[in-house]
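Following the hints, complete the assembly by docking chain D onto the known chain W.
Residue numbers (the working numbering), protein chains in the order written: chain W, 43 to 872; chain D, 65 to 173.
Any given hint could be a false lead.
Claimed, not checked - As a list, the in silico DSS-like pairs of lysine-lysine whose alpha-carbon atoms are at most 30 Å apart:
id: 1; chain 1: D; residue 1: 135; chain 2: D; residue 2: 121
id: 2; chain 1: D; residue 1: 121; chain 2: W; residue 2: 90
id: 3; chain 1: D; residue 1: 121; chain 2: D; residue 2: 149
id: 4; chain 1: W; residue 1: 726; chain 2: W; residue 2: 555
id: 5; chain 1: W; residue 1: 110; chain 2: W; residue 2: 90
id: 6; chain 1: D; residue 1: 121; chain 2: W; residue 2: 110
id: 7; chain 1: W; residue 1: 685; chain 2: W; residue 2: 270
id: 8; chain 1: W; residue 1: 349; chain 2: W; residue 2: 685
id: 9; chain 1: W; residue 1: 90; chain 2: D; residue 2: 135
To be verified - To spell it out: a stretch of chain D is covered by chain W in this simulated footprint if at least three of its residues, at any positions, have a beta carbon under 8 Å from a beta carbon of chain W; those stretches are:
id: 10; segment: 82 to 91
id: 11; segment: 100 to 113
id: 12; segment: 117 to 123
id: 13; segment: 150 to 164
Just so you know, the hints here were simulated from the structure itself, not pulled from any lab data. By construction, the Cβ of each residue, glycine as well, lies at the ideal position given by its N, Cα and C atoms.
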Amino acid sequence: MRRRDGGIDDELQAHLNMAIRDRIERGEDSREAEAGARREFGNLAIHKEETRGVWIAPWLESVAQDLKYAIRGLRRSPGFTAVAIASLALGIGANTALFTIANAIMLKMLPVRNPHEIVELLQQYPGEPRGNGYWSVPSYEHFRDNNHVFSALAGYSRDNRAQVAIGGGESVFMAADHVTPNFLEVVGIAPAFGRLIGSGDNGQTAVVSWSLYQRNPSILGRQVSIDKRSVTVVGVAPAAFTGFLIGSPTDLWVSRKPGLDSRMTVMGRLAPHATLEQAHAEFQSLGRFTVEELTRTRSDPQWKRMKFFVDFAGNGSGNLRGRFGTPIAIVMSISGLLLLIACVNLASLLLARGASRQREMFIRAGLGASQTRLIRQVLTESMLLSGAGAAVGFCISYSAVSAVTAIMANGRVHERVVLNLTPDADSLLFTAAVAIVTGLLFGLAPALTAKPSRRIHRFGDALVAAQIAIAVVLLAAATLHTGYVADLRNVNLGFHRDNVILMQLDGSRGHEKQRAVELIRRLEALPGVRSASIGGMSPIQGAGASRMVLADGFTEDPDARRYTSLNWVTPRYFESLGIPLLAGRDFRFDDEGRQRVAVVSQSFARHYFPSRNAIGGHVRFEGRTTVYEIVGVVGDAKYLELKEAPPRTMYMNTLQDPNIVSQYVIRTAIAPGAIVNEVRRSAKEVAPDARIERVTTLTDQLDASIVPERLVTQLANLFGALGGLIAAIGVYGLLAFTVARRTSEIGLRMAVGATPGDVLAMILRQALLITVTGVTLGAAVASQIPGLPASVAVPASIAVAAMLVVALVAAYVPARRAASIEPVQALRHE
Amino acid sequence: MAKLDLLQGTLDMLILQTLRLGPRHGYAIANAIRAGSGEVLQVETGSLYPALHRLEKRGWLRAHWGETEQKQRAKFYQLTAPGRKQLASEQSRWAALTAAIARLAEVEP
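Okay, chain W solo, but in the shape it has when bound:
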């Protein structure tokens, strides 16, 4: 088209040139000739437009006409149109929202120079699900000075609870990255204002994030206090760069104080000549330095099996991707299936509609519309539907993104997720692509089957069976995940989760042992409280302590040694959590000042005292001399994560230590909500200086630990229900159409003696055939659902049963209608 446009310009210009030349040859002077020729020629621009219009107009006209027909056709069946647009909008909206999130946490490159060069150095302890990057300063320096594959390395330590005071104001918690002097240079950002941290800054400077700058526009050039250290703000980071950790934006980057020994995340840039594989290979041997360094102070047989690797980090780092990557992928495949079922549903409905519009098509063909033209019109209609569905879906995706990120942000304190996401240009592009693909997907089959034949009806049956099959897969996935989460929540916890209040006091101020004991007494005196106690950490808090333990009279293969999980607790801690005391005794208040005692878990006792009574046994930590006498054995309980098996655990009496731990664990006889204010007030009265950091319930804490699993479950259930509904609409639509098409045939059958019961059975037989085919296929696919350590047999059976019921209910309405056909009217109808 464009080549022709250029041609038209040249062609008309040539005409004008020749007319001018002729006039000059006839004796006119050149100005006169040009004016005359132009006058005769007329309006050049209009001629161009009209000539071009010869090529474009008919095409545009026919598109406009197709659109007009399509809109008219859709308005004639508003019910169908509404169902079509709604189901597409839900499917496309869900997929766009999930794509937006997946794009942000997995795909999108950081706004830095050459992001494809950015890597992160990682180590993985055997058995840990993911690598981590917490390197000592000497390790970092060793890697920096001895590698041949990185053009630069830089490190930072994240402090999520840095106390920052701006201009003498109250200090607030912020996320601060303590960075090596070259860090921001290596990352490759340009400051929005001011400068980056430089090599001579020696811990005296900071660069603030754009959002912190927005909140404090006068911050540039001023002193701020970070953990009581004063630094000068020398620059502002660009708005697009919020740090490396996805879902955990940095508030400020602080020049690392020389001598600071906190462990660092180490990032680097690959040297121009180096590949990721080469870097990885070299880092295998560099990493040995870290093992030697660790082994100097302690020993752990597992360190020999530590893995060291270099990972691409141009799209950010952190554990958000590890935690939510797989769940989001699972949810995306489920929402993909939802969209697929919506497409198949529309294809089957359009096919049924197409068959009933055969007469219209024949008329139009008779009036001279070509076959391709008719196909194009059906496609226009489906594209119009998918376009409308995509437009509504894109709007839906805004709230869907906020809903999903809100669920993601529900995690535990140390798993904070801050994702301020809205669908962006990438999302819009994705939506548009999905709209086109879906439009083609559900439009093509009806478009290509223009001729009436029995095969079309078979094809329609097959499409409905496919919907049932997909719905079975969706429902099986939903049931599977629901069961999995219910198991995580309830099975083999080792403690009782209900009616436990957890209250965390700031252990650093105003919380001495005397007051702690007094507070316990006060809490236990509250009506509705069964028992109160303190622990170093509460179950599934996600943080804990562990050590190698040595037991008198027990030796084991050094390579088989494993860490023992530790907790420091007061008397009645086990009672508060419902952990059963299996042998011996609980801690006592009067243990204070006596021989150190310990209570151990059953699996600890079995391991270290395989053939002896653990009670009375003596244990100590490797590298320490303090000996603990075991006075009790309690049941195994989960410790860090619900997904893990309960570890060997050893409990110490915190009252025997100089400093007392500060997590209150309170079992109530009534609903925790009814008493939580009393608990807070007691804490304020007994320890007025101590800050209450957090009050929650054990149930909420457990739920917060399985946010990804709950996210998958909630969405799988939502999509499963929608999928079932769509399949039901498919069954209903197909049978309603069948009944309408066969009205006269049914009338005839009844006229010659068929009873309404026979007709009902005939229609239901068709429904049953389709449904059984669908559920069989669906069950076969569902049995292959990957990803969970749970059996899919029961969920699949539940899904099959549910779908059978739903499909037969959907089939019953049109079947009833068929059975109530009046033979005489039906025959007259023809």
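Coordinates of chain D only, in the frame set by chain W:
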């Protein structure tokens, strides 16, 4: 889609007729029609080029770029085989039409 009026049909036929003798560009076609009709028929540029492109699109004309004797680059149009067939049928239609009109003119003075 096709707005059939006499004027356009006539112009189309005149263009095909003019090109019977060989390829010509738009300006030459306009001149030939004017001269051939004894300066009676003036071809508007605004009608000529849309007509040429419409005929090209229908496959009755083929176009190529060339140079005139005065070294002016111009687009030359040429009759195709379907074009010749079309011309023949237009001519016979035209002959029938003029004959019919002539007869009417004789009958009713």
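Item to check | Proximity test - 8 Å, beta-carbon atoms, the segment 117 to 123 of chain D to chain W, at least three hits | outcome: That given contact holds, which follows from 3 residues of the segment 117 to 123 of chain D lying within Cβ reach (below 8 Å) of chain W.
Checklist entry - Would the pair residue 685/W and residue 270/W pass a check requiring their Cα atoms to be no farther apart than 30 Å? => result violated (40 Å)
Next on the checklist: Closer than 8 Å Cβ to Cβ for three or more residues is the test here. Does the segment 100 to 113 of chain D pass it with chain W?
Outcome noted: Holds: 4 residues of the segment 100 to 113 of chain D have a Cβ under 8 Å from chain W.
Checklist entry - Has the given pair, residue 121/D with residue 90/W, been kept, meaning a C-alpha gap of at most 30 Å? => result holds (16 Å)
Checklist entry - Taking only the CA atoms, is the gap from residue 121/D to residue 149/D under or equal to 30 Å? => result holds (16 Å)
Item to check | Restraint check for residue 726/W with residue 555/W, where alpha carbons must lie at most 30 Å apart | outcome: Roughly 16 Å between the alpha carbons, so the hint for residue 726/W and residue 555/W holds.
Next on the checklist: Against the 30 Å threshold, does the CA-CA distance of residue 135/D and residue 121/D hold or violate the hint?
Outcome noted: Within the cut-off at roughly 27 Å; holds.
Next on the checklist: Cut-off 8 Å, C-beta pairs, minimum 3 residues; does the coverage of the segment 82 to 91 of chain D by chain W stand?
Outcome noted: holds (count 3)
Checklist entry - If you draw a straight line from the CA of residue 110/W to the CA of residue 90/W, is it 30 Å or shorter? => result holds (28 Å)
Checklist entry - Given the proposed pairing of residue 121/D with residue 110/W, does the C-alpha separation stay at or below 30 Å? => result holds (26 Å)
Checklist entry - Are there three or more residues in the segment 150 to 164 of chain D whose C-beta lies within less than 8 Å of some C-beta in chain W? => result Not satisfied, violated; 0 residues make the cut.
Checklist entry - Keeping to a limit of 30 Å between CA atoms, is the pair of residue 349/W and residue 685/W held or broken? => result OK: residue 349/W and residue 685/W at ~23 Å, within 30 Å.
Against the hints set out earlier in the document, violations occur for numbers 7 and 13.
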